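Residue numbers (numbering that gives the first Met the number 0), protein chains in the order written: chain D, 0 to 151; chain E, 0 to 357; chain U, 0 to 168.
Heads up, some of the hints might be wrong.
To be verified - Cut-off 16 Å, straight-line C-alpha distance, at most; resulting in silico cross-link-like pairs (EDC-like, lysine to aspartate or glutamate): (1) D:K85 - U:D21; (2) E:K48 - U:D64; (3) D:K85 - E:E125; (4) D:K85 - E:D252; (5) E:K159 - E:E231.
Source of the hints: derived by calculation from the structure; they are not laboratory data. It should be emphasised that the depicted structure is a prediction, and the values quoted were computed from it without experimental measurement.
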Amino acid sequence: MTDSEVLHAEHRLEYPYSRSTGPVIGAFLTGLREGRLLGATGSDGRIIVPPTEYDPITSDDVGELVEVGPGGVIESWAWVAEPLRKHPHQTPFAWALVTLDGADTALLHTVIAPGPDALATGDRVTARFRPEAERIGSMSDLEGFVPEGGAS
Amino acid sequence: MSAAGRTVRPVSIASFAQAQSVRRESERNEAESLHPVIAEVFANIGITKDDVDFICSGSTDYLIGGPFSFVMALDAVGVWPPRSESHVEMDGAWALYEAWVLLQEGEVDAALVYSFGRSSLGDLNEILTLQLDPYYEAPLWPDIVSLNALQARALIDSGKATEADFAAVASRSRRDALANPKAQVRKDVPVEELLEDEYVVAPLRRHALPPITDGAAAIVLAAGDKALQWSERPVWITGFDHRMETHSLGARDLTVSPSTAKAAEVAGVADGKVDIAEIHAPFAHQELIVAEALGLDDSVVINPSGGPLAANPLMSAGLIRIGEAASRIAAGQADRAVAHATSGPCLQQNLVCVLEGA
Amino acid sequence: MADEQTDAAGPVTMLATPIRLDFEFTPGIAQSKFLRGLERGEFLGQRCGTCGKVYVPSRGTCPTDGVPTTEDVLLGNSGTVTTFCVVNVPFAGQSIEIPYICAQILLDGANLSFMGLIQEIPTDQIRMGMRVEAVWVDESELIPSLASVRYFRPTGEPDADYDTYKEYL
Numbered sequence: 000m001t002d003s004e005v006l007h008a009e010h011r012l013e014y015p016y017s018r019s020t021g022p023v024i025g026a027f028l029t030g031l032r033e034g035r036l037l038g039a040t041g042s043d044g045r046i047i048v049p050p051t052e053y054d055p056i057t058s059d060d061v062g063e064l065v066e067v068g069p070g071g072v073i074e075s076w077a078w079v080a081e082p083l084r085k086h087p088h089q090t091p092f093a094w095a096l097v098t099l100d101g102a103d104t105a106l107l108h109t110v111i112a113p114g115p116d117a118l119a120t121g122d123r124v125t126a127r128f129r130p131e132a133e134r135i136g137s138m139s140d141l142e143g144f145v146p147e148g149g150a151s
Numbered sequence: 000m001s002a003a004g005r006t007v008r009p010v011s012i013a014s015f016a017q018a019q020s021v022r023r024e025s026e027r028n029e030a031e032s033l034h035p036v037i038a039e040v041f042a043n044i045g046i047t048k049d050d051v052d053f054i055c056s057g058s059t060d061y062l063i064g065g066p067f068s069f070v071m072a073l074d075a076v077g078v079w080p081p082r083s084e085s086h087v088e089m090d091g092a093w094a095l096y097e098a099w100v101l102l103q104e105g106e107v108d109a110a111l112v113y114s115f116g117r118s119s120l121g122d123l124n125e126i127l128t129l130q131l132d133p134y135y136e137a138p139l140w141p142d143i144v145s146l147n148a149l150q151a152r153a154l155i156d157s158g159k160a161t162e163a164d165f166a167a168v169a170s171r172s173r174r175d176a177l178a179n180p181k182a183q184v185r186k187d188v189p190v191e192e193l194l195e196d197e198y199v200v201a202p203l204r205r206h207a208l209p210p211i212t213d214g215a216a217a218i219v220l221a222a223g224d225k226a227l228q229w230s231e232r233p234v235w236i237t238g239f240d241h242r243m244e245t246h247s248l249g250a251r252d253l254t255v256s257p258s259t260a261k262a263a264e265v266a267g268v269a270d271g272k273v274d275i276a277e278i279h280a281p282f283a284h285q286e287l288i289v290a291e292a293l294g295l296d297d298s299v300v301i302n303p304s305g306g307p308l309a310a311n312p313l314m315s316a317g318l319i320r321i322g323e324a325a326s327r328i329a330a331g332q333a334d335r336a337v338a339h340a341t342s343g344p345c346l347q348q349n350l351v352c353v354l355e356g357a
Numbered sequence: 000m001a002d003e004q005t006d007a008a009g010p011v012t013m014l015a016t017p018i019r020l021d022f023e024f025t026p027g028i029a030q031s032k033f034l035r036g037l038e039r040g041e042f043l044g045q046r047c048g049t050c051g052k053v054y055v056p057s058r059g060t061c062p063t064d065g066v067p068t069t070e071d072v073l074l075g076n077s078g079t080v081t082t083f084c085v086v087n088v089p090f091a092g093q094s095i096e097i098p099y100i101c102a103q104i105l106l107d108g109a110n111l112s113f114m115g116l117i118q119e120i121p122t123d124q125i126r127m128g129m130r131v132e133a134v135w136v137d138e139s140e141l142i143p144s145l146a147s148v149r150y151f152r153p154t155g156e157p158d159a160d161y162d163t164y165k166e167y168l
């Protein structure tokens with residue numbers, strides 16, 4: 000059978016998922032809506048960001064949530080010169096793993112900067128939240144990080 | 000000899016077959032593409048579907064965008080009379096592990112394991128985002144290339160590797176694939192030329208990324224009498240283990256692979272000399288991380304098949320590593336080999352299989 | 000400072016995470032043949048060379064023997080209702096007015112039944128074994144889809160013998 004006889008069709012799969020957050024993830028997202036970043040206390044006292052419900056090593060319930068950031072350090076980054084359609088920014092930006100001040104694990108998010116030359120591992124960045132009226136309790140409440148010292 | 004990961008009952012890889020890896024299988028559906036592979040894996044050793052007691056497959060509905068897609072693939076096997084069958088939403092290497100466990104327990108004496116997937120049907124960048132944490136990571140839609148770029152940069156920043164090292168892996172892989180007619184990307188391009196490629200997401204240039212591949216593979220496992228009847232030189236699985244790290248990317252050190260190291264330890268990689276290692280590292284920088292975690296020295300030949308940089312049929316690339324390693328032992332080109340498979344973003348979950356010729 | 004603020008909206012308990020993925024769907028060679036047959040107003044099946052069964056629609060391999068079905072078989076327009084149900088419950092996306100009859104139809108010469116809509120008969124008169132024939136859309140409206148078949152209707156023939164379809168229940 001030739002390729003022209005074999006049929007092809009577009010198939011779109013779309014679901015409007017709505018997920019219950021539970022108390023730990025819910026508290027983190029509530030914090031984002033309030034313009035704050037929170038971490039959970041692990042079994043050995045280290046601060047896990049973003050918070051997991053259980054300690055990833057001991058599986059114990061995590062302890063209290065504490066505030067971290069808003070400043071932090073870039074652990075690694077990747078410049079996106081041509082954003083894909085679902086990326087959080089549609090102009091060039093960087094993905095980054097950022098260890099917030101007071102945290103022992105890194106948060107995956109984005110850095111808004113003029114270009115890749117403005118960024119390096121080890122740089123300090125600070126969180127930039129969207130205006131309060133636009134925050135809904137999701138990771139996008141955090142617009143991204145910006146280099147500390149104002150370059151944005 | 001009963002520690003976890005070491006074999007209790009000798010199990011051999013009796014037969015291996017794979018589809019031609021192509022950029023796009025545009026005509027045949029999954030069952031039609033898979034059927035010749037199943038037919039070949041049986042014909043290699045002169046058996047039929049009635050000679051295996053258990054069937055296990057690895058595939059994912061996310062590649063085709065439809066539910067229970069693995070059920071239609073059973074048409075390629077012919078499951079009548081009703082068969083004992085299982086499926087994992089994973090690379091076929093994990094389906095092999097499940098079959099191996101059943102064989103270890105003495106429940107069955109032979110198993111058919113197969114995997115398939117057409118990466119060409121959807122947008123892998125979007126599909127693979129759905130394996131991430133649904134609350135914290137997936138809603139930002141980070142693509143697999145960007146995440147690997149984070150890992151690659153971390154590796155460079157740690158001083159353990161350079162972009163030239165990544166290019167060397169890519170150059171060697173696709174050059175070695177010239178000897179593998181089943182591979183997709185087969186060419187001899189020197190490192191200097193590769194380093195002129197544009198970045199897709201720095202520090203990853205196009206050559207450091209796997210190709211998009213449609214493909215399939217199958218393996219027959221045998222134990223006891225069947226293992227000896229079906230192979231002149233049985234290839235024994237002497238160690239088999241898999242481990243998983245946390246799904247939170249920021250909680251991992253992306254420059255090392257403790258899950259691979261642990262699986263290698265439990266499977267007994269260091270118990271003897273390793274001639275060949277088939278490593279499932281779809282991104283060039285990952286091979287360096289895995290080779291270190293496996294404890295390989297420079298004497299080991301890595302990915303003589305060309306590896307996933309030459310052909311990366313999602314859901315089959317790991318099973319193919321095991322099959323390629325087994326083939327070379329069966330052909331007398333090696334006595335002892337390590338095969339590795341990975342799943343999840345940036346080497347989150349890793350499987351190690353140790354093979355030895357009789 | 001933050002401790003004194005009250006959150007009027009209450010703590011977050013749900014997160015909307017809509018997913019959309021776009022795919023290319025290809026039915027494959029055998030199913031494309033079946034669909035192309037519908038475009039010509041025909042039911043095309045395939046026969047297994049090992050067991051001799053005729054599958055319609057065919058997926059390209061025999062599900063019992065695991066061998067490719069390479070022989071095309073043109074089937075007729077008539078068949079037997081092996082089983083049926085009368086749908087009374089409304090559901091989202093329903094395009095047919097309830098109540099309606101949904102039946103498994105075994106075309107003459109086939110060894111596999113498929114689902115179809117039955118019309119031109121009151122819903123309380125449908126029976127297992129009833130003989131039915133396909134009603135197609137106008138020739139100008141034929142497309143490679145089961146939508147080319149409007150429905151099946153009774154032929155008026157005597158019901159088929161139970162023995163002729165009892166293996167297909």
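Status of each hint after checking the structure:
1. D:K85 - U:D21: Holds, at about 13 Å.
2. E:K48 - U:D64: Holds, at about 9 Å.
3. D:K85 - E:E125: Holds, because 8 Å separates the two Cα atoms, which is no more than 16 Å.
4. D:K85 - E:D252: violated (27 Å)
5. E:K159 - E:E231: Not satisfied, since the Cα-Cα distance of roughly 43 Å exceeds 16 Å.
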